[in-house]
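2 protein chains.
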Amino acid sequence: MTAPTRDIVQYYVVNSELGMSPGKIAAQVAHAATTMTLHCLLNDKSSHATFQAWLNAGQKKIVLRGTEAELLRLSESGYLSIRDAGHTEIPSGSLTVVVLPPADKEEIRSVVGGFKLM
Amino acid sequence: MTAPTRDIVQYYVVNSELGMSPGKIAAQVAHAATTMTLHCLLNDKSSHATFQAWLNAGQKKIVLRGTEAELLRLSESGYLSIRDAGHTEIPSGSLTVVVLPPADKEEIRSVVGGFKLM
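Heads up: the sequence lines are chains P and H, in that order. All residue numbers for the first sequence refer to my numbering, where the first residue is 7 and numbers rise by one. All residue numbers for the second sequence refer to my numbering, where the first residue is 7 and numbers rise by one.
One chain only, chain P, in its complex shape (with noise of 0.2 Å):
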């Protein structure tokens, strides 16, 4: 008998309010990915097992889409999240994108479940 697979998720809420350009909006979603993954090798050790489980897995990404709101509420309850320097499109300061350390896709269920993708 061999142990279920995991299926381990990395889910990104991108702020749909803001008009970003296809562009502006990789470039968010990456900032949020080098800093998760700094965070996830220097500083959560806790997490090394299921983020190299990940990782092994192909790194599975998704990305869906948010209010302002929800983000804003997202980021309240600790999740990490990315605010905009401002150098193009959109005004500095600006709530782009919270992302989820990667985690089985049943456990976060509850917290990404309402949003639709991107």
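Each hint can be trusted.
The list treats identical chains as interchangeable, and a pair is accepted whether it falls inside one copy or across any two copies.
Restricting the straight-line Cα-Cα distance to at most 25 Å, the calculated cross-link-like pairs of lysine to any residue (SDA-like) are:
#, residue 1, residue 2
1, K122, L24
2, K111, N49
3, K66, P28
4, K66, S22
5, K66, G92
6, K111, S81
7, K111, S27
Everything labelled a hint here was simulated from the structure, so no lab data went into it.
Once you have looked at the hints, place chain H on chain P.
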């Protein structure tokens, strides 16, 4: 007299011929961000100073677009490239993004000068 400020940038070149959605593009660029971060931290010790300076200055990212042939040329030159697992939207193995390591803008102008913003 102060030292001149370095303008360190990380460029991404997205394959514009695949017709990917904004969410798919963001996920692919984020794969590149995660993979490059791991590479800079764990493998390429020679780039640590530049990587750290780039992080400290706000991890500036610029997303460009290119043709399949242009991405292939960059990939064959040794730049890190992302091929999609093909779960959604596009065929498995599609070359989606090429990412350059964070570098001084002037130094990589010759590599990315011909590409347009995404």
